[in-house]
Amino acid sequence: MSRDGMPKQFLPLVGKRSTFQQALARIADQELFAPPIVMTNEAFRFFVREQTEQMGIEATIVLEPERRDTAPAVAAGMLLAERRDPAALVMMVAADHVIPDEDIETFKGAVRSAREAAIEGNIVTFGIKPSEPKTTYGYIRCGEQLNEPGAFKATAFVEKPDAAAAARYVSEGYLWNCGNLVFRTDVMRAELLHLAPKLLAAAEDSVAQAKDDLGFVQLDAAAFSEAPRISISYAVMERTKTAVVVEGNFRWADIGSWDSIRTASPQDDSGNAASGDFELLDAHNCVVHAAGRLTTLVGVKDLVVATTPDAVLVADIHHADDVRALVTRLGDAGRIEARQHRRQYQSWGVTDLIDQGERFQVRRLVVRPGAALSMQVHLHRTEHWVVVKGVAKVTVDGRDSVVHENQSIFITAGAVHRLTNPGRIPLEIIEVRTGSYLGEDDITRFEDG
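Sequence positions in the sequence shown follow full-length UniProt numbering and run 1 to 449.
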């Protein structure tokens, strides 16, 4: 389900909304939170914009030129928040965590406690009381209790342990490390200056030289590349003397495996966590994620079954973590399914591959109101566009045509053309490509869409 072209945080793996949208919903209370700053990779800008718009949330979307782990992202986000308000309190929220809706008020209570501890000059993280000795989570050892209820000095951070160590940590009262942080900007700046000065300098330069890019904040690539690849845990939290943990009495899950999805999802009487178009008969303790096709299970137990229009996974749930190795093998073999879904987001909308053969492809295009594809030409393929919904303005070799619902237009190879949605509703088109070569690199663009 999670691929380079569509990461897990943008997928509805637990519930009907993506975990990114669930994170946005948790910080939508305007009495407690200011409008969010979203740090994301440049490749995911359109996922972020579409999903924030669907939530009705105004966000500052910041584009990292490359992936350099969480510490550079936190530093750049902190600096941008500081520009808004030099006395700002910042909360770092991960986009792939799940907290049930019925626990949100408890979560907000923990945030308020963290706020008070952060105002006093601490960098605060959240700890969750373990329900079992998990080896996929980090742990925190609590020290002396502070004045704020549920707040303790954090005396040790432990990365993902083996099973025996995890069991010992649970028995000794350690908490799961939730990873979300609350801090004053001046406190985090001082800790970065002391513990990771090169990282802070790179973040400062990348923010100072940032540019507007179609409404996104584009960090400077050369400056950002100077930041070390390091997590905020390693860069700061495991070394600072200001670390405090607030115990969160809310249910929480870090969605990193199919087993964690099963734990975080509602289950039927047989222990199955299922979503999508499915039917189960005598199935027990299974995870089923049916995206795009009917998926049925009969007389089985302890399975993970995930289906998409272009791939199917069947795995023993006890080997769910081995999916990573499988994806690596598929990538090494050059399988595009390891990197991309058939559905892809563009600056102008969405394209969905419906069917393909040796000399043809059928795609569904959805063009946002007012958006346009680039002026372009293909040398090896023709395109036949059928308007299903809305109105299309089509420019071919300098001549404009208006194409309405149930009408079509034919674009020959070598014709310079452009598709625009002049209307106020999404434009939906079925595109049929035919030709000797149908690859995405058979394109010359003359203007950006």
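Everything labelled a hint here was simulated from the structure, so no lab data went into it. Since we're looking at a predicted model, the values are computed, not measured. Beta carbons: idealized from backbone N, C-alpha and C, even for Gly. There may be inaccurate statements among the hints.
Have a look at the derived ranges for each label pair, beta carbon to beta carbon [as the list claims (entries may be wrong)]:
| # | residue 1 | residue 2 | range |
| --- | --- | --- | --- |
| 1 | Q346 | D321 | 45 to 53 angstroms |
| 2 | T106 | A167 | 43 to 51 angstroms |
| 3 | Q30 | P197 | 34 to 42 angstroms |
| 4 | V402 | G439 | 28 to 36 angstroms |
| 5 | T296 | E31 | 13 to 21 angstroms |
| 6 | G398 | V312 | 44 to 52 angstroms |
| 7 | A165 | R364 | 45 to 53 angstroms |
| 8 | T296 | P12 | 18 to 26 angstroms |
| 9 | R424 | A167 | 24 to 32 angstroms |
Cross-link-like lysine-lysine pairs, in silico, DSS-like; alpha carbons within 30 angstroms at most [said to hold, decoys possible]:
| # | residue 1 | residue 2 |
| --- | --- | --- |
| 10 | K108 | K198 |
| 11 | K160 | K8 |
| 12 | K198 | K211 |
| 13 | K160 | K198 |
| 14 | K389 | K16 |
| 15 | K129 | K160 |
| 16 | K241 | K129 |
| 17 | K211 | K241 |
| 18 | K16 | K108 |
Results for each hint:
Separation of Q346 from D321 is about 33 angstroms and departs from the stated range, judged on CB atoms against 45 to 53 angstroms. Take T106 and A167: their Cβ atoms lie about 27 angstroms apart, and the range 43 to 51 angstroms is violated. Q30 and P197 have their C-beta atoms about 36 angstroms apart, which keeps the hinted 34 to 42 angstroms range intact. Range check, V402 to G439: about 30 angstroms between beta-carbon atoms, so the 28 to 36 angstroms window is met.
Taking 13 to 21 angstroms as the suggested C-beta distance range, the pair T296 and E31 does not conform, at roughly 47 angstroms. The supplied range of 44 to 52 angstroms is met by G398 and V312, whose beta-carbon atoms lie about 47 angstroms from each other. Roughly 50 angstroms separates the CB atoms of A165 and R364, a value that falls within the hinted 45 to 53 angstroms. Range check, T296 to P12: Cβ separation about 21 angstroms, and the 18 to 26 angstroms hint holds.
Under the hint 24 to 32 angstroms, the C-beta atoms of R424 and A167, about 59 angstroms apart, miss the expected range. A distance of roughly 34 angstroms separates the Cα atoms of K108 and K198; the hinted pair therefore is violated under the 30 angstroms criterion. About 21 angstroms separates the Cα atoms of K160 and K8, which keeps this hinted pair within 30 angstroms; it holds. For the given pair, K198 sits about 22 angstroms from K211 by alpha-carbon distance, which is consistent with the 30 angstroms threshold.
For the suggested pair K160 and K198, the alpha carbons sit about 27 angstroms apart, so the restraint of at most 30 angstroms is met. This hinted pair checks out: K389 and K16 have alpha carbons roughly 25 angstroms apart, not beyond 30 angstroms. With a C-alpha separation of about 16 angstroms, the suggested pairing of K129 with K160 holds against the 30 angstroms cut-off. Only pairs whose Cα atoms come within 30 angstroms are accepted, and K241 paired with K129 is accepted, the gap being roughly 23 angstroms.
Note on K211 and K241: the hinted pairing is violated, with a Cα-Cα distance of about 35 angstroms set against a maximum of 30 angstroms. A threshold of 30 angstroms between alpha carbons decides the hint, and for K16 with K108 the separation of about 22 angstroms falls inside it, so the pair holds.
Taken one by one, the earlier hints fail for this structure at numbers 1, 2, 5, 9, 10, 17, listed in ascending order.
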